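S.K.: Sequence:
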Amino acid sequence: MNEDLKYRNELKFMINHHQHFIIRQRLKGLMKQDKHVGAGGEYHIRSLYFDDIHNTALHEKLGGIRDRAKYRIRIYNRSDGVIHFEKKIKFKDYIAKVKEPLTREMYDALLAGDISVLQEGRKPLLLEIHDLMKNSLLAPKVIVDYVREPFVNEHGNVRITFDKELRTGLHATDIFDPELAPVSAIDQNLIILEVKYDEYMPAAIQTAIQLEGLNRQSASKYVICRKYLKSNSWEDY
Numbered sequence: 001m002n003e004d005l006k007y008r009n010e011l012k013f014m015i016n017h018h019q020h021f022i023i024r025q026r027l028k029g030l031m032k033q034d035k036h037v038g039a040g041g042e043y044h045i046r047s048l049y050f051d052d053i054h055n056t057a058l059h060e061k062l063g064g065i066r067d068r069a070k071y072r073i074r075i076y077n078r079s080d081g082v083i084h085f086e087k088k089i090k091f092k093d094y095i096a097k098v099k100e101p102l103t104r105e106m107y108d109a110l111l112a113g114d115i116s117v118l119q120e121g122r123k124p125l126l127l128e129i130h131d132l133m134k135n136s137l138l139a140p141k142v143i144v145d146y147v148r149e150p151f152v153n154e155h156g157n158v159r160i161t162f163d164k165e166l167r168t169g170l171h172a173t174d175i176f177d178p179e180l181a182p183v184s185a186i187d188q189n190l191i192i193l194e195v196k197y198d199e200y201m202p203a204a205i206q207t208a209i210q211l212e213g214l215n216r217q218s219a220s221k222y223v224i225c226r227k228y229l230k231s232n233s234w235e236d237y
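In terms of my numbering, the sequence shown is residues 1 to 237.
It is worth saying that the hints were derived from the structure and are not from the lab.
Since the structure is predicted, the reported quantities are computational estimates derived from the model, not experimental observations.
Warning: the hint list may mix true and false statements.
Stated by the list, open to error - BS3-like, lysine-lysine: derived pairs with alpha carbons at most 27 Å apart: (1) LYS35 x LYS164; (2) LYS61 x LYS92; (3) LYS99 x LYS32; (4) LYS227 x LYS196; (5) LYS87 x LYS6; (6) LYS61 x LYS90; (7) LYS97 x LYS196; (8) LYS6 x LYS99; (9) LYS6 x LYS90.
What the hints assert, rightly or not - Taking CB as the label site, the calculated pair distances span: (10) ASP131 x VAL152: 32 to 42 Å; (11) ASN189 x ASP4: 39 to 49 Å; (12) ASP108 x GLU199: 35 to 45 Å; (13) GLY213 x ARG66: 42 to 52 Å; (14) HIS18 x ASN77: 22 to 32 Å; (15) VAL82 x GLN188: 25 to 35 Å; (16) LYS97 x GLY64: 14 to 24 Å; (17) ARG66 x LYS230: 38 to 48 Å; (18) HIS18 x LEU127: 46 to 56 Å; (19) GLY213 x LYS134: 42 to 52 Å; (20) VAL152 x GLN210: 15 to 25 Å; (21) GLY121 x HIS18: 45 to 55 Å; (22) HIS59 x LYS134: 17 to 27 Å; (23) HIS171 x ILE22: 32 to 42 Å.
Glycine included, every Cβ here is placed at the ideal spot set by N, Cα and C.
I would like the entire structure built from these sequences, with the hints used as guidance.
M.R.: Quick look at the structure:
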């Protein structure tokens, strides 16, 4: 465990629209909406996930390995105003995230196969990714696309999100492709509920997310979308 990172608790649940309505109604009096949401209380997230030649991130998740990492490029609301290359680290039941900004020019160069742009500025994360691309053939694998409805509370630094309309870009790897038409990767009646917090979660919020029949699940959007590709004969792994 890297002591320099800020680790947080993360819980995931797969819920239906009825459960979403009940939990959201309860949370409205306890939490605020994230400052980045639009008029509808949501924003759009699109990520390009990477894996190495052995599909290590995929197989470690499927194999239940508790300590692992995965890499992705993420944008918001289909805009290139903010582009981040992120490393999400899982340690037992905790998560941490490290990220570095990319310019649109750096992104375009990467997609064209020029990994040398990651050496600019000598940023540790980007240098790490450069080495993985060079030595382990880390490469784009799948686009993950969804709409997020987020709630936050400063006490315990609690963040609760409802991730809806999970879609995948099939064999595409350019998150800015204007012709990209993502398709549903799961039943559209399902929503992924994610709960993140630091050392503790206020009791009222704990109570608000408790529903009969609600069970914690391992709902990895990356794995769901990779499995969708395989089941539709788009790839082998």
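S.K.: Against the structure shown, which of the earlier numbered hints fail to hold, in ascending order?
M.R.: 13 and 17
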